[in-house]
Amino acid sequence: MEGNLLRGEDAVEMMENKVTEEEASSSVVEPFIGMEFESEEAAKSFYNSYATGTGFVMRVDAFRRSMRDGTVVWRRLVCNKEGFRRSRPRRSESRKPRAITREGCKALIVVKKDKSGKWVVTKFVKEHNHPLLSLLTNGRRSSQISQTPGDEKDAKIRELRTELSRERKRCAALQQQLDIVLNVMEEHVNHLSININNVIQSVREIESPNTFTKSLS
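Each residue of the sequence shown is one higher than the last, beginning at 128 in the working numbering.
Mixed in with the good hints there might be a few duds.
[Said to hold, decoys possible] Ranges between beta-carbon positions, derived for each pair:
id: 1; residue 1: 310; residue 2: 259; range: 36 to 46 Å
id: 2; residue 1: 321; residue 2: 250; range: 51 to 61 Å
id: 3; residue 1: 289; residue 2: 166; range: 17 to 27 Å
id: 4; residue 1: 299; residue 2: 258; range: 36 to 46 Å
id: 5; residue 1: 258; residue 2: 301; range: 45 to 55 Å
id: 6; residue 1: 327; residue 2: 191; range: 24 to 34 Å
id: 7; residue 1: 308; residue 2: 231; range: 41 to 51 Å
Calculated directly from the structure, the hints in this document are not laboratory data. Each residue gets a CB set at the ideal place from its N, CA and C atoms; glycine is no exception.
Hey, can you work out the whole structure from these sequences and the hints?
Below, the structure is given as structure tokens:
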């Protein structure tokens, strides 16, 4: 059974050896749930080759980190036409509007690091909501589907925003714990202050001359 399954690295090598568009179409290996990779980079390389052979551009999307050591343990790889670009006011009427590159495409794979250290495909969506582009006859990616600097910038911004959000949540949790500790310390100081005042008052009453006279009488 295991011998019949194609490993991710073998799939990448097979796809990189394609020569013509017809051969590429027949040699493109489709991801499947349970497909394993030795590393996150191997999974990225496979899906990037799959994207090239199929006719779209891969974009590295969201990720999740381990709460224990902070390493990336979950990654989503999507079509570059995933989502929709946020509308922003134009700075100048003379500037041409940016081309629409996001069309809400749902095609993606999700890979997750398991206990053995391997990266496993846990979700795969094949269908695109837009036409796919053809390849050049030499099997290399067409200039039409090369990733634009804007897409790379957007992906980096999203990754930094995710990282910033994670750090803010961590700081908020630490601040909450610090507030709890400070409140406990404040209550303890107040309680200790009351006890000290009571002791001082008792000592004063004992040392008072009136108290001494009353005891003699």
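Comparing the hints with the structure gives:
Between residue 310 and residue 259 the CB atoms are about 59 Å apart, so this pair departs from the stated range of 36 to 46 Å. Distance hint check for residue 321 and residue 250: the Cβ-Cβ separation is about 60 Å, which falls inside the suggested range of 51 to 61 Å. Between residue 289 and residue 166 the beta carbon distance is about 21 Å. The supplied range of 17 to 27 Å therefore holds. Separated by about 45 Å at the C-beta atoms, residue 299 and residue 258 satisfy the suggested range of 36 to 46 Å.
Between residue 258 and residue 301 the beta carbons are some 49 Å apart, a value that agrees with the proposed interval 45 to 55 Å. Between residue 327 and residue 191, the C-beta spacing of about 57 Å breaks the proposed range 24 to 34 Å. The hinted range of 41 to 51 Å is satisfied by residue 308 and residue 231, whose Cβ atoms lie roughly 47 Å apart.
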